[in-house]
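Enquirer: Under the working numbering, residues 1 to 396 are what the sequence shown spells out, in order.
No wet-lab data here; the hints were simulated from the structure.
Be a bit skeptical, because a hint or two may be false.
To be verified - Simulated pairs of lysine to any residue, SDA-like, Cα-Cα distance not exceeding 20 Å:
hint, residue 1, residue 2
1, K367, S335
2, K35, D93
3, K249, W306
4, K249, L234
5, K249, I346
6, K101, E9
7, K249, S311
8, K253, T188
9, K253, T225
The structure presented is a predicted model; accordingly, all values stated were derived computationally and were not measured.
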Amino acid sequence: MLERHDIAEVLDLLGEFPSVALLGPRQVGKTTLAKAVARDRDGLYFDMERPADRQALADPLPSLTPLQGRLVIIDEVQRTPEIFPALRSLIDDRREAGFRKGQFLLLGSSSREIMRETSESLAGRMAYLDLPPLLADETPDHDIATLWLRGGFPESLLAGSDRSSMLWRDHFLTQYRERDLPSLGVRTPAQTLGRLWMMLATAQGGPFNASIMAASLGLSPHTITAHVDTLCDLMLLRRLQPWYVNVGKRLTKAPKIYWRDSGIVHSLLHLPTIRDVLGHVAMGASWEGFVIQQCISAAGQGVKPWYYRTSAGAEIDLMLELTPDRRWAIEVKHSSAATPSRGFHIACDDVEAERRIVLHSGDRSWKSSAGIEFLAVRAMMAELRARRHPALQLHA
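Assemble the whole structure, with the sequences as input and the hints as a guide.
Expert: Rendered as structure tokens:
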């Protein structure tokens, strides 16, 4: 039994908007979630990677007009950009007939393509929702260490062994390098992409420096930046932007780069077991990226994530800006016995943090006499989720 919190949000958005775009990387669970929505709403499902479905919607207006009043789900919609102008016409026609909400659910694995097409054709008619890999509060039957090791892609997390999980992730990444990226026009050889991706895993959580990576790979900084842009568009990488205002200090202004899924980091670094991860120099950065992914995903779209760092070493790993004048400062530690650094306290003073939080790998939560909150990851997520929607259960 898997809990996907986002199904409630999808249903909510379908009750408010004519169309909803559900975005996320391949194999993250979009189709499973969409088919659950289809069962709930008596929806019709089309997959644009199936030739028969593409043929059925080759001329979308006459094909979809008779389906007025039913939810239509179109998977991998970025493969048929010609459908978007037709959707606008259908939505407007249905609105005149009294069908104003919940008409289309579009699934896609390329946010840039969908955002470009829908911003032109469906402005004001569509809501957007990102579906991340499975999160800690969606997988109560798995301990945090297993989720951290394997990541949240369902096939990886639910594999019968760590070895099987690693093999799945290796194949997943190979498919992206050899099939998906070339289909998007990427011409860099797959072997070179593999080296770049390993460098990005080694640099997990560090400031992005295209020039250093370019020199190592014999590519231009522009090409490196373009590859990072593509991985961000595919929702595999995250750029965490710095928070800066005029606080009278020299601040780091380069974004930090994270692979969103910790299992991908461990695959790229060839770390098949939790023992391998715990003994690796990248352990701290991997754990930090894992926790940041959990928090940002649980917080939802209304909360802005940042990091903060000064040239003198004051730093906040993750700052959640709930409103312009409400900021929570988070330091990520693997050990529950670790204490925040002096630089963390200085940074909290700089940004006038409302809360000072240390997130750790243990199960207990407590507050120190100095007012520092030491929270388990799932406890932090529960607080963030409380601002959003209750979970509905899906059968795996």
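Enquirer: Would you mind marking each hint as holding or not holding in the structure?
Expert: Results for each hint:
no., hint, result
1, K367 x S335, "holds (16 Å)"
2, K35 x D93, "violated (26 Å)"
3, K249 x W306, "holds (17 Å)"
4, K249 x L234, "violated (35 Å)"
5, K249 x I346, "holds (12 Å)"
6, K101 x E9, "holds (14 Å)"
7, K249 x S311, "holds (8 Å)"
8, K253 x T188, "violated (29 Å)"
9, K253 x T225, "holds (16 Å)"
The structure is inconsistent with the numbered hints 2, 4, 8, although it conforms to all the rest.
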